[in-house]
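A.B. asks: Same order as they appear, the protein sequences are chains A and B.
Just so you know, this note's numbering puts 112 at position 112 of the first sequence, and the rest follows in order with no gaps.
Just so you know, this note's numbering puts 61 at position 61 of the second sequence, and the rest follows in order with no gaps.
Keep in mind that the hints were calculated from the coordinates and are not lab data.
Treat the numbers as computed from the prediction; the structure is a model and nothing was measured.
One or more of the hints may lead you astray.
For identical chains, the list gives no copy identity; a pair is met inside one copy or between any two copies.
Result set (BS3-like, lysine-lysine): computed pairs, CA atoms no more than 30 angstroms apart in a straight line [stated by the list, open to error]:
1) 72 with 106
2) 338 with 285
3) 219 with 171
4) 72 with 285
5) 220 with 296
6) 285 with 171
7) 61 with 219
8) 219 with 338
Here's the letter readout for the chains.
Number of protein chains: 2
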Amino acid sequence: MSEYRVVKPERLRELTVGIFVKLGMPQDDAHRMGDILVDADLRGVLSHGTRFIPTYAKWIKDGWINLHPQIKVVAESASTVAYEADDSLGHLVSVKAMESCIQRAKQFGIGAATVANARHCGAMAYYSQMAADAGCIGHAVTNGGVLMAPYGGIDPTIGLNPLSWAVPTNKPWTLNLDMATAVVAASKVTQAIEKGENIPLGWAIDHEGVPTVDPLEAKKGAMLPLGGVKGYGLAIILDVLAGVLGGGRFGANQGLEKYQQKQQNYSHFFMAIDIEKFIPLAEFKDRMDQMIDRLKAGRLAPGSTGILLPGEIEYNTRLRHQSEGISYPVPVLDELEKLATELGVA
Amino acid sequence: MSEYRVVKPERLRELTVGIFVKLGMPQDDAHRMGDILVDADLRGVLSHGTRFIPTYAKWIKDGWINLHPQIKVVAESASTVAYEADDSLGHLVSVKAMESCIQRAKQFGIGAATVANARHCGAMAYYSQMAADAGCIGHAVTNGGVLMAPYGGIDPTIGLNPLSWAVPTNKPWTLNLDMATAVVAASKVTQAIEKGENIPLGWAIDHEGVPTVDPLEAKKGAMLPLGGVKGYGLAIILDVLAGVLGGGRFGANQGLEKYQQKQQNYSHFFMAIDIEKFIPLAEFKDRMDQMIDRLKAGRLAPGSTGILLPGEIEYNTRLRHQSEGISYPVPVLDELEKLATELGVA
């Protein structure tokens, strides 16, 4: 069971930049990694932030992440581009891809990009947020770990594929939905193991397809799709957009030869829609406010503390984390500090 | 409780075309309505097919559907177009909008269209399928009846907003996902009332927010979002795309003045992505086959009769309906025949 220690986001950023630079990453890229990973921690999504650094460090040492990739455009039209990422760390090529989407959206109305043969790119909300900050509706998709059973089956043959959508508002927060298509993210099972707790029935099945409350059995089995057939259907569509369309790995059928953790060869999909091509941005934001206010005006469910919009909790968490620091698992923090010391980070 | 009678799809098409022509709809539009509504019946989605005709007929008589709309382009860019539908029946303007998306996709990579101030457009799968038939990935969204409670709330302030995605394959069927963002569609509650049955806990709440198995209480309350916070988040995003972005009705805050059934002023969103802008279509379809075959190769869950893809059941149903006819609720069929007789359909 993990203990927690409060750490300042600035310290996590220093560690991130320092470690990646010592591992051989160009300075600009390392700073970008600091922004992206600490952003997830600030939003309260610690499962997708700096705690991944030891894993990325191992992949870099193994040669499974290319720190100097030759990212190639393999297909292109006015509104679309397909990238071959040359084993780039997912975050870096994803920023590039979303920047291209935004630029195409400003010019042609919409931009979409696929990314093949990249690695893990962390939380999708960062990339959709880039589009929202530029006055666009942003969409970001990746094909996550192949850990989910299809509806009607029990073998994990489809990813927990997550999506994010971000939408500008007049509120201090951006509407930002970031969710996996499983009932819960696989990290919740890992957390239950760390805490020595059971998981609720309905999250996962064991290797024989029997619903289980034992997180260790769940790890040997499969996660279940959100709402059964609907989450399963969404996961397939997201894998079509990220994996099938862009020429990269999809489902569980590629990458095996290259790396035994087959699910670690990721494909991504990004899209930006320029709002001003439909309606003036100020009017759009006013309409968003109307929608939000109307939703919040309804009666609360028993026990509910409020009707919140996607991204609102993450905004509140960010404010708290910025002022008070981040409550961080001690073993992970120790691992980061140890890695930094080994690499000679100042 | 409804009885059922087998009816040939050709008969339903005759009734549809005949009724709409007598109601004053142009011939071409009436034939298109026959295609669209009978298509839903053939797919087994009777809730969204010809059974809606008496409702549409009433709206036409009430002046709430404009049979000769001046559909206007209110904003346009290379890849995008925003339509003001002038109270068009949703199906007809939706076909026009998706045709424009496909054409833009072929030229610029992607096409997207919003439709404001339209009526109900039936099942979304028809429009996404148009794109798939043209070698595109198709996406269709509408903001459905405002019958769903937000996560944390109990008043129905958000639509059950459905989406469809269609993707070409080499199989005899197209991958076609068509789903609402509620646990189940509201029509399932209606069907339970018709059959005199209870509904499962988890579908809906009563007017005070208490989970209910009584479909009559559910009708006075609200439907629940798919997977709680996730379905709620998706429903919001879909309303942003269809309603907020396009200048039409969204949530429950518009249209009240014009028609008391406030949820009946619909906004729609369509998108087509040209596959060939990313990867040759034949290669894409081969990759789809790999994904499908890999999913189907897994072990079956206890009691499962097979691992199916979205759209596969609907394809099998269509084959059966084409050869054997459609088992159709007698009261609805009687109503259609009566309406046809009253209007003097031959």
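A.B. asks: All hints, please: hold or fail.
C.D. replies: Against the structure, the hints come out as follows:
1. In the homo-oligomer, the alpha carbons of residue 72 and residue 106 lie at most 30 angstroms apart both inside one protomer (22 angstroms) and across protomers (23 angstroms), since each shortest distance falls under that limit.
2. For the homomeric pair residue 338 and residue 285, neither the shortest alpha-carbon distance inside one copy (46 angstroms) nor that between copies (48 angstroms) is at most 30 angstroms.
3. In this assembly of identical chains, the alpha carbons of residue 219 and residue 171 never lie at most 30 angstroms apart, being 40 angstroms within a copy and 33 angstroms across copies at closest.
4. Taking CA atoms no more than 30 angstroms apart as the test, residue 72 paired with residue 285 passes between copies only; the shortest distance there is 23 angstroms, against 36 angstroms inside one copy.
5. With identical chains, the CA atoms of residue 220 and residue 296 are at most 30 angstroms apart between copies only, with a shortest distance of 20 angstroms across copies and 41 angstroms within one.
6. Taking the closest pair of Cα atoms, residue 285 and residue 171 come within 30 angstroms of each other only inside a single copy of the chain (9 angstroms); across copies the shortest separation is 43 angstroms, beyond that limit.
7. For the identical chains of this complex, residue 61 and residue 219 are intra-copy neighbours only, at 26 angstroms inside a copy versus 60 angstroms across copies, given an alpha-carbon limit of 30 angstroms.
8. Within a single copy, residue 219 and residue 338 get their C-alpha atoms as close as 28 angstroms, which meets the 30 angstroms cut-off; across copies the closest is 59 angstroms, which misses it.
In this structure, the earlier hints numbered 2 and 3 are contradicted, and the remaining ones agree with it.
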